[in-house]
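My request is simple: use the sequences and hints to build the entire structure.
Line order of the protein sequences matches chains A and B.
Start counting the first sequence at 1; every next residue gets the next number (my numbering).
Start counting the second sequence at 1; every next residue gets the next number (my numbering).
No lab work stands behind these hints, which were simulated from the structure alone.
Just so you know, not all the hints are guaranteed correct.
[Stated by the list, open to error] Residues on chain B that point at chain A, a partial pick, calculated with CB under 10 Å:
(1) H295
(2) P471
(3) N472
[As the list claims (entries may be wrong)] Pairs of lysine-lysine, DSS-like flavour, derived with a Cα cap of 30 Å:
(4) K627/B to K85/A
(5) K250/B to K116/A
(6) K240/A to K57/A
(7) K57/A to K96/A
All values reported here derive from a predicted model rather than from experimental measurement.
Just so you know, even glycine gets a beta-carbon here, dropped at the ideal spot from N, CA and C.
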Amino acid sequence: MKKIALLLLLAVAVLISCTKDPVADVAPLAPADGPDQVVFDPAQVPYPTLSAYRFFKRPMRAQVPVASVLPYAPISSLFTDYAEKARFVWMPAGSKATYDGDGNALQFPESSVLIKNFYYDGVQPGNTRRIIETRILFKRNGQWEFADYVWNAEQTEAYLDMAGSTTPVTWTDANGVTRSIQYRIPSAGECQMCHKIGNTPVPIGPKPQNLNADHAFADGVRNQLKKWVEHGILEPGYPKNIMTTVAWDDPTEPLELRARSYLDANCAHCHAPDRQCSYRAIRFQYNNNGGAANQGICMEPEEPVDPSLTYNIAPGNVARSMVHFRMGSNDEALGMPLIGTSLVHAEGLALIEQYINSLNQTCN
Amino acid sequence: MNKLSALFAAGLLGTLPALAQDNCLTAIPITAGTYVVDTIDGPEVPQPVCASGGNTATRGEWYVYTAPADVSVTVTSDLPENVAVTPGLDTRVHIYTGTCGALTCYDGDDDNGSGYLSIALFNLQAGQSVYIAWDNRWNARGFSFSVIEGEPFSEAVSFTNVSVPVTGTLRAVVDMNNDGLDDVVGMNSETIDNVTYTTGVTIAYQQPGGGFSAQTFPTAQIPNTPSWSLCAGDLDGNGWNDLMIGGGSKVTLLFADADGNGFSTDTTYSQYIFCQRTNLVDINNDGLLDAFSCHDVQPNVYFLNNGNGSFTFYQGGLGNTPGGGNYGSIWTDFDSDGDVDLFIAKCRGGNQVVSTDQLHRNNGDGTYTEVAAQYNLANFTQTWSSAWGDYDNDGDMDVMVGASSFSSGGHKLLRNDGNTFTDVTAGSGFDTFTGTNIEHVTHDFNNDGWLDIMGGANTIMMNNGDMTFTPNPVGFDVSSVGDLDNDGYMDIQTGATARINNGVGNNYIRVNLVGTVSNKNAIGARVTVTTASGSQIREIRSGDGFRFMSYLGAHFGLGTDEEVLQVTVRFPSGIVNVVDNPAINGTLTVVEDINTSVQDLAKQPLVLFPVPTADILFLSGDYSSNKPVRVFDTNGKLVVQTMVTGNHINVGGLVPGIYVLEVQTADGPVQRSFAKD
Numbered sequence: 001m002k003k004i005a006l007l008l009l010l011a012v013a014v015l016i017s018c019t020k021d022p023v024a025d026v027a028p029l030a031p032a033d034g035p036d037q038v039v040f041d042p043a044q045v046p047y048p049t050l051s052a053y054r055f056f057k058r059p060m061r062a063q064v065p066v067a068s069v070l071p072y073a074p075i076s077s078l079f080t081d082y083a084e085k086a087r088f089v090w091m092p093a094g095s096k097a098t099y100d101g102d103g104n105a106l107q108f109p110e111s112s113v114l115i116k117n118f119y120y121d122g123v124q125p126g127n128t129r130r131i132i133e134t135r136i137l138f139k140r141n142g143q144w145e146f147a148d149y150v151w152n153a154e155q156t157e158a159y160l161d162m163a164g165s166t167t168p169v170t171w172t173d174a175n176g177v178t179r180s181i182q183y184r185i186p187s188a189g190e191c192q193m194c195h196k197i198g199n200t201p202v203p204i205g206p207k208p209q210n211l212n213a214d215h216a217f218a219d220g221v222r223n224q225l226k227k228w229v230e231h232g233i234l235e236p237g238y239p240k241n242i243m244t245t246v247a248w249d250d251p252t253e254p255l256e257l258r259a260r261s262y263l264d265a266n267c268a269h270c271h272a273p274d275r276q277c278s279y280r281a282i283r284f285q286y287n288n289n290g291g292a293a294n295q296g297i298c299m300e301p302e303e304p305v306d307p308s309l310t311y312n313i314a315p316g317n318v319a320r321s322m323v324h325f326r327m328g329s330n331d332e333a334l335g336m337p338l339i340g341t342s343l344v345h346a347e348g349l350a351l352i353e354q355y356i357n358s359l360n361q362t363c364n
Numbered sequence: 001m002n003k004l005s006a007l008f009a010a011g012l013l014g015t016l017p018a019l020a021q022d023n024c025l026t027a028i029p030i031t032a033g034t035y036v037v038d039t040i041d042g043p044e045v046p047q048p049v050c051a052s053g054g055n056t057a058t059r060g061e062w063y064v065y066t067a068p069a070d071v072s073v074t075v076t077s078d079l080p081e082n083v084a085v086t087p088g089l090d091t092r093v094h095i096y097t098g099t100c101g102a103l104t105c106y107d108g109d110d111d112n113g114s115g116y117l118s119i120a121l122f123n124l125q126a127g128q129s130v131y132i133a134w135d136n137r138w139n140a141r142g143f144s145f146s147v148i149e150g151e152p153f154s155e156a157v158s159f160t161n162v163s164v165p166v167t168g169t170l171r172a173v174v175d176m177n178n179d180g181l182d183d184v185v186g187m188n189s190e191t192i193d194n195v196t197y198t199t200g201v202t203i204a205y206q207q208p209g210g211g212f213s214a215q216t217f218p219t220a221q222i223p224n225t226p227s228w229s230l231c232a233g234d235l236d237g238n239g240w241n242d243l244m245i246g247g248g249s250k251v252t253l254l255f256a257d258a259d260g261n262g263f264s265t266d267t268t269y270s271q272y273i274f275c276q277r278t279n280l281v282d283i284n285n286d287g288l289l290d291a292f293s294c295h296d297v298q299p300n301v302y303f304l305n306n307g308n309g310s311f312t313f314y315q316g317g318l319g320n321t322p323g324g325g326n327y328g329s330i331w332t333d334f335d336s337d338g339d340v341d342l343f344i345a346k347c348r349g350g351n352q353v354v355s356t357d358q359l360h361r362n363n364g365d366g367t368y369t370e371v372a373a374q375y376n377l378a379n380f381t382q383t384w385s386s387a388w389g390d391y392d393n394d395g396d397m398d399v400m401v402g403a404s405s406f407s408s409g410g411h412k413l414l415r416n417d418g419n420t421f422t423d424v425t426a427g428s429g430f431d432t433f434t435g436t437n438i439e440h441v442t443h444d445f446n447n448d449g450w451l452d453i454m455g456g457a458n459t460i461m462m463n464n465g466d467m468t469f470t471p472n473p474v475g476f477d478v479s480s481v482g483d484l485d486n487d488g489y490m491d492i493q494t495g496a497t498a499r500i501n502n503g504v505g506n507n508y509i510r511v512n513l514v515g516t517v518s519n520k521n522a523i524g525a526r527v528t529v530t531t532a533s534g535s536q537i538r539e540i541r542s543g544d545g546f547r548f549m550s551y552l553g554a555h556f557g558l559g560t561d562e563e564v565l566q567v568t569v570r571f572p573s574g575i576v577n578v579v580d581n582p583a584i585n586g587t588l589t590v591v592e593d594i595n596t597s598v599q600d601l602a603k604q605p606l607v608l609f610p611v612p613t614a615d616i617l618f619l620s621g622d623y624s625s626n627k628p629v630r631v632f633d634t635n636g637k638l639v640v641q642t643m644v645t646g647n648h649i650n651v652g653g654l655v656p657g658i659y660v661l662e663v664q665t666a667d668g669p670v671q672r673s674f675a676k677d
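And the structure:
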């Protein structure tokens, strides 16, 4: 039944393709197991539809990349209202990224594309998967640019939309908890808020510190950096010893490293040098957040919210810790992160609470 | 009598050890000395809360103290025996006047001592009693405290806490019912799923005899809240202040109903706007109030008033920096040329272009030119707000650009020297003041005739009159400012607590304006008050500081001057009205009046007579007799619409007062004010 409907759709697509821009319409024709045919013309991107790039095999909603598109995942990822994410990278044949420090994003070649699908499982009614948006960063003329594609209800196509919007999502998670939210799809300005150094757009996730771990690829488990080299998209010869983050939710890892990894993934895109909020003294990037001063331990907040919040982190005392207060607030002017979430991340907050309670310095 | 009975009750019940100090009625009478609290386990929780740290305590310990003479009293847990305890103790104390069950915060402290220990310091008069109550907000562990008496101290400015029955999130102190008294506005909200909606407006109306009476007006379920800022003004000219809601992604205009008794109309604009400071101001000087919002991450936005209840969205022309960085917009006439200009306090990590402050000079034709560099104001201090006032009383607006962080320079006090602003921070007191804040506002808090500045460290910087400022800690943060007890001293509303200025005996005058040709609130007007000591200026602004809305008039401290020689009001229309020798220590209301404008702006020779009139009002001059004539009251409410019969209209049905008559002429509408006996 489904196959018939699909064929019907195909037929319609063929008909349409006779009269419309061929670039936009070849994608639906790509055979599910067909040759690698990513389409990326710097003069034409961003395309009006996601399918035009032909990053994925058909049906696109299965999120199975074509051979030249490689999936990846950071060791600890940003919390965005419990959305699931599938990330992919593509570079033109023959071009490679290069290492630029453990804590810096790789240096990507021209026409590189980073692809990130945001989806929920257990979406009600029907308990189905719903892909909401696909965010793309692509590099053109040496500059990263944003493109956001919003998926249609049929999950057959996603359309370029940089205006930002909200869409209601109700889903039941693996623990049986049902939540309803107005999911925020960012506008271009919101993308830029986090994805920048100075005022220059940058990727955040693909740093060696976040990639240097095993990942389950379709053809087996492999260290991601090694896989990138084998895939021909990363210059070999990067350092052997990479200061690597840990999975914040892995209880076998040391508590401090889990907390620092979490703070890096969720906070460091603003709280690092030359970022949106670098004028505040705290520094949360993993390779710089090992010291008490940079974490805000015993540091008085510069913006008074409540005098009882005496330090950004008050050792052993979450009730007096601004970091804990802001992470636990969903007031849009007080809660942190500033954008990208509207729910309090209870599990992340519990980790930071555990970490603060483990500290016993005396503040002077 | 109350004090005696309280002491009597305490003494009587104090004989029952099981109950002693567990509640207010069994409070143990104490004198100067040191006392031990074994554990905080009394069932009566100290209420209201008089210190920071919120309202989650569950137990209390109660004492009562009576001053043997006029004394200062220090109640402190910052004692060596407490400091020595590990892990560190964490205390909180509340100091009350009043009777059990009806207590009023007199003082209180959480953390003034070392570590998390507490020190409360206050003056009492001989025979005056206070309850001293410790709570278990942080923990219930035992500790010692001392009560120490000393010489009474004097403060440049001090405040007494009063509870105000406002609910929701405090955002404004402004007169909402046109009775000349500042009211307190809280915004109610409800979170459904992950979206927080504005659901109502609570107004605690200041009562003519003092105190407040609150009323909550439900609104529609508006998917936006004033999390970032709120401002107020009569956008639609119906006589009642409307509200502009600046949220994290949207702007909403919320309109007061025609009867002033609700907010049933609202417009939430679809554009993505990361609001910071919002302002209502007549941007294009067409007599209609417009709405402006700083945008955190994009060029600033504004909504021009079409005059028919609709507003048109614009983005660009008033701060176009890619990446935004726009935090604190203040509309001020920095060049004293009669039109409002725009200063934007800016902030952004890692980008000096985005964080460089801007000054947009009004070209007088609805366009603006960015001239900050020309005036030495293009600084990249990380700032969220600036306080504009004439700090040296020389007739132009100076500015204190308040640092939110010292990472790119500190506070900057800049003196307006006409063709430039001169940095006079060195030696001003702001060079050594380490408090930071996102809020900076200026008012004359001690009515000495010099504008003070409130910013970080819960401190008011008192103006010494020579462009130097002295810190005066007050123990609470900047918020909405107005006169909440109608005593001529500026008070501060923080949450549901009014910080009532105790005053120091200086004189004052308040000038409230009613625009007729200009916007109804006369936002953008400049008021000059001249006394024997010289002149002071103020501007009418909707939206100063960063987040809050404050008093929409002009407040002047007069020091010991007993007489105001002249009040001059320059309205945004250009009309200038002058009042000679007004009464002091009260409110002067000036209605914009083209007839008496001292500038030659009355091009239409329309004359009304007799004024005042009991019933018949004659019109002489150029007007269209076949077009309706309209009469408005001082709230801007239409009270008469009629045709001219012969050469007059009958206004006998109006209650006595000041009115504005509007006729149509070949050159458009012309307005004249008149008095009805």
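Hints, one by one, checked against the model:
no.: 1; hint: H295; in the structure: holds (8 Å)
no.: 2; hint: P471; in the structure: violated (15 Å)
no.: 3; hint: N472; in the structure: violated (17 Å)
no.: 4; hint: K627/B to K85/A; in the structure: violated (67 Å)
no.: 5; hint: K250/B to K116/A; in the structure: holds (26 Å)
no.: 6; hint: K240/A to K57/A; in the structure: violated (35 Å)
no.: 7; hint: K57/A to K96/A; in the structure: holds (23 Å)
Checked against the numbered hints given earlier, this structure breaks hints 2, 3, 4, 6; the rest are met.
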